[in-house]
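*Asks:* These are the residues of each chain, in order.
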Amino acid sequence: AQSVTQLDSHVSVSEGTPVLLRCNYSSSYSPSLFWYVQHPNKGLQLLLKYTSAATLVKGINGFEAEFKKSETSFHLTKPSAHMSDAAEYFCVVTNTGGFKTIFGAGTRLFVKA
Amino acid sequence: NAGVMQNPRHLVRRRGQEARLRCSPMKGHSHVYWYRQLPEEGLKFMVYLQKENIIDESGMPKERFSAEFPKEGPSILRIQQVVRGDSAAYFCASSLETRDRGEQYFGPGTRLTVT
Chain W
1 AQSVTQLDSH
11 VSVSEGTPVL
21 LRCNYSSSYS
31 PSLFWYVQHP
41 NKGLQLLLKY
51 TSAATLVKGI
61 NGFEAEFKKS
71 ETSFHLTKPS
81 AHMSDAAEYF
91 CVVTNTGGFK
101 TIFGAGTRLF
111 VKA
Chain E
1 NAGVMQNPRH
11 LVRRRGQEAR
21 LRCSPMKGHS
31 HVYWYRQLPE
41 EGLKFMVYLQ
51 KENIIDESGM
61 PKERFSAEFP
71 KEGPSILRIQ
81 QVVRGDSAAY
91 FCASSLETRD
101 RGEQYFGPGT
111 RLTVT
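So the protein sequences, as listed, match chains W and E. The numbering used here numbers the first residue of the first sequence as 1 and each following residue consecutively. The numbering used here numbers the first residue of the second sequence as 1 and each following residue consecutively.
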């Protein structure tokens with residue numbers, strides 16, 4: 001069975017400070033993992049994806065994530081938050097074999113000036 | 001290359017009416033997915049379609065909901081006899097490859113309000 005847990009429903013940071021959004025997954029198969037961002041009243045935009053290549057994945061807008069199999073984690077980070085990063089972030093897992101895609105519940109990121 | 005298109009963006013229906021939501025995937029994409037997002041919740045998978053085929057509908061409610069992706073034209077999510085609990089944002093996504101490898105590109109969503 002697959003599942004994905006985003007450990008924080010809300011994260012608040014100051015502009016210019018690092019961002020850490022945590023995601024743990026479980027999957028019986030080799031997973032593919034994704035992070036998406038959703039700005040208010042908008043669709044979702046892909047930030048980055050992991051599909052069994054390099055474990056450190058770089059995405060758009062300065063975000064990156066590291067796949068750690070031993071910890072079953074895929075945390076999203078950014079060295080310096082910008083006001084425009086304020087949004088909701090979703091960690092997503094799917095797997096080889098084409099089973100259903102599972103979304104985490106989301107983490108809402110607040111960025112203070 | 002236009003992104004995933006969804007229409008209408010907003011749809012208001014009275015209880016008991018039918019709602020039809022349309023999704024045009026990105027050019028060249030033959031895999032389409034529908035998701036529902038309830039207020040303050042994440043997205044829940046509903047159905048995965050390829051051209052003329054339903055691959056996985058395990059997330060679809062057993063009654064009143066149906067989806068299709070014909071050979072020509074957009075994918076349609078149809079909700080018959082809508083109820084208040086159907087009020088949500090419905091997102092469509094498409095991918096070039098199968099869902100285990102291909103990133104999904106999302107449309108802007110259709111916000112359905114049932115009065």
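It should be emphasised that the hints constitute simulated quantities derived from the structure, not laboratory data. From a predicted model like this one, the values you see are computed outputs, not experimental measurements. Just to be clear, a hint being listed does not mean it is correct.
Partial chain W-side listing against chain E, Cβ under 10 Å, derived [claimed, not checked]:
| no. | residue |
| --- | --- |
| 1 | 3 |
| 2 | 6 |
| 3 | 8 |
| 4 | 11 |
| 5 | 32 |
| 6 | 41 |
| 7 | 45 |
| 8 | 46 |
| 9 | 51 |
| 10 | 54 |
| 11 | 90 |
| 12 | 103 |
| 13 | 106 |
Quick reminder that beta carbons are idealized off the backbone N, C-alpha and C, glycines included.
*Asks:* Would you pick out the hints that fail for this structure and give their numbers low to high?
*Replies:* 1, 3, 4 and 10
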